[in-house]
Amino acid sequence: MADQDKEKQLDDLLDSLLSHYASAEPRPGLETRVLASIRQARRAEKVRWMGLGWWWAVGAVTVVVTAALIVFSSYGGRSHPVKKQIQRAAQQRTIPAPKGDFGPGPAIGRSVKHARRQVHLAEVKKEVFPTPAPLSQQEKLLLRYLAGTPRQEVQAQSHPDPPPDDVAFANDSGLFSSKDSNRSIRSNQ
Amino acid sequence: MAEQAILGDAALTSLKTSDAATRGQEVEILASQHMRMVFRICWSILRNHHDAEDAVQECFLRVLKFQDRIHEVRNPKTWLARIAWTTALDKRSRKPLDERSSAKENLLEQDSLESLPDPALPLEQLVAGRELQAILERLIGTLPDELREPLELSAVQELNSTEIAEIMKIPAESVRTRLFRARQLLKTKLAVLLEVQKHG
Numbered sequence: 001m002a003d004q005d006k007e008k009q010l011d012d013l014l015d016s017l018l019s020h021y022a023s024a025e026p027r028p029g030l031e032t033r034v035l036a037s038i039r040q041a042r043r044a045e046k047v048r049w050m051g052l053g054w055w056w057a058v059g060a061v062t063v064v065v066t067a068a069l070i071v072f073s074s075y076g077g078r079s080h081p082v083k084k085q086i087q088r089a090a091q092q093r094t095i096p097a098p099k100g101d102f103g104p105g106p107a108i109g110r111s112v113k114h115a116r117r118q119v120h121l122a123e124v125k126k127e128v129f130p131t132p133a134p135l136s137q138q139e140k141l142l143l144r145y146l147a148g149t150p151r152q153e154v155q156a157q158s159h160p161d162p163p164p165d166d167v168a169f170a171n172d173s174g175l176f177s178s179k180d181s182n183r184s185i186r187s188n189q
Numbered sequence: 001m002a003e004q005a006i007l008g009d010a011a012l013t014s015l016k017t018s019d020a021a022t023r024g025q026e027v028e029i030l031a032s033q034h035m036r037m038v039f040r041i042c043w044s045i046l047r048n049h050h051d052a053e054d055a056v057q058e059c060f061l062r063v064l065k066f067q068d069r070i071h072e073v074r075n076p077k078t079w080l081a082r083i084a085w086t087t088a089l090d091k092r093s094r095k096p097l098d099e100r101s102s103a104k105e106n107l108l109e110q111d112s113l114e115s116l117p118d119p120a121l122p123l124e125q126l127v128a129g130r131e132l133q134a135i136l137e138r139l140i141g142t143l144p145d146e147l148r149e150p151l152e153l154s155a156v157q158e159l160n161s162t163e164i165a166e167i168m169k170i171p172a173e174s175v176r177t178r179l180f181r182a183r184q185l186l187k188t189k190l191a192v193l194l195e196v197q198k199h200g
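Protein chains in written order, with my numbering: chain X, 1 to 189; chain W, 1 to 200.
Chain X on its own, in the form it takes in the complex (with noise of 0.2 angstroms):
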């Protein structure tokens, strides 16, 4: 009995001691500095992820204006191998200019100009092909003797003329094949 009461009085002593324990209250002003921290915790934070923005943003631009120079240089240095020929044929067939000859420009002026004008022909035709070319020497020939024969005789022309008689007499009589009328033929030719 008396070591019930002992024990009971002990817990009693206990639970009271331990109440008080962590019974202890926040100084006056902890709320404030807590308060004050959070809030400075809070605008450093602002300010790092802004800063962080800040090197985001230039990193994107930094980014977009290399890629733009890559891409820019990457078309200007390789040229169109068309235009290269081109510019190189108009280089070509500059016009020397005449000696003594005073025209309204300057010769390298009007080489110049004459150059450009190729490329720019060049860049018109390459669309079409085959590409429309100046006509040739046979050509303008041909066309000169068009317009000044007459009709009949450019259609006789036209017409091919008839074999050899003593050819036609073979096929006639068909002591020839096809292909050996041909063979005579050309060796006739």
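Please keep in mind that the hints were generated in silico from the structure rather than gathered at the bench.
Ideal placement from N, C-alpha and C gives every residue a C-beta, glycine not left out.
Watch out, some of these pointers could steer you wrong.
[Claimed, not checked] With a straight-line cut-off of 35 angstroms between C-alpha atoms, the simulated DSBU-like cross-links for lysine-lysine are:
no., chain 1, residue 1, chain 2, residue 2
1, W, Lys189, X, Lys46
2, W, Lys77, W, Lys95
3, W, Lys91, W, Lys169
4, X, Lys46, W, Lys187
[Said to hold, decoys possible] Looking from chain W toward chain X, a few residues come up when the C-beta cut is under 8 angstroms (computed):
no., residue
5, Ala31
6, His49
7, Leu64
8, Gln67
9, Val73
10, Leu132
11, Leu179
12, Arg183
Given the coordinates of chain X, work out where chain W should sit on it, guided by the hints.
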């Protein structure tokens, strides 16, 4: 007190549902409403006003840091209490070892025994005496960590054994067992001290 607890719970719930823009303000509200509980948890572990205040501040800064995870929290109150508890434990572990062990070494020194009140005094007077409180603190300090930690948390009035179990991430039954063992040890030691004081 109960009203404050309800307000605190409301703040925790609103913190859970608020968006990122307003969470900073919600943390401030939470700090002002749960300051006492957090302070008591820190105090029960650190037993020093300065250290407890530093731990409270650090605790709420941690809350601010992990505010994005608040929507994953099932019980915001124990979440906050756990942050406070771990912060205080970290702070205590950072303290120099000699500073921590000095309390244990001086526990049963003759000076301490001489300062004990007369056990024949009524309970109220015994408890009111600062000497017995100091002895209890030292006795708790001698307990092993697994018994001391739930006992320190149980001393905080705002927490029950289920919440302590959630904070410590152990079963509630284990908490109750450990509390019982801790109390038995304390009673034994206390009885010995009082007996020594009584007989001379």
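Evaluated hints:
Our distance criterion of 35 angstroms between C-alpha atoms is broken by Lys189 (chain W) and Lys46 (chain X), whose separation comes to about 54 angstroms. With a C-alpha separation of about 27 angstroms, the suggested pairing of Lys77 (chain W) with Lys95 (chain W) holds against the 35 angstroms cut-off. For the suggested pair Lys91 (chain W) and Lys169 (chain W), the alpha carbons sit about 20 angstroms apart, so the restraint of at most 35 angstroms is met. Restraint check: the Cα-Cα separation between Lys46 (chain X) and Lys187 (chain W) comes to about 53 angstroms, which exceeds 35 angstroms; the hinted pair is violated.
Nearest Cβ of chain X to the Cβ of Ala31 (chain W): about 5 angstroms, under the 8 angstroms cut. The hint holds. For His49 (chain W), the interface hint holds, since its Cβ comes within 8 angstroms of a Cβ in chain X; the closest pair sits about 6 angstroms apart. The beta carbon of Leu64 (chain W) is positioned within 8 angstroms of a beta carbon in chain X (closest approach about 6 angstroms), and the interface hint is therefore held. Look at Gln67 (chain W): its Cβ only gets to about 10 angstroms from chain X, farther than 8 angstroms, so that hint breaks.
A least Cβ separation of about 19 angstroms between Val73 (chain W) and chain X goes past the 8 angstroms threshold, and the interface hint is therefore violated. With a cut of 8 angstroms, the hint placing Leu132 (chain W) at the interface with chain X holds, because the nearest CB-to-CB distance is about 6 angstroms. Interface restraint check for Leu179 (chain W): the shortest CB-CB distance to chain X comes to about 10 angstroms, outside 8 angstroms, so the restraint is violated. Taking 8 angstroms as the C-beta contact cut-off toward chain X, the hint placing Arg183 (chain W) at the interface holds, the least distance being around 6 angstroms.
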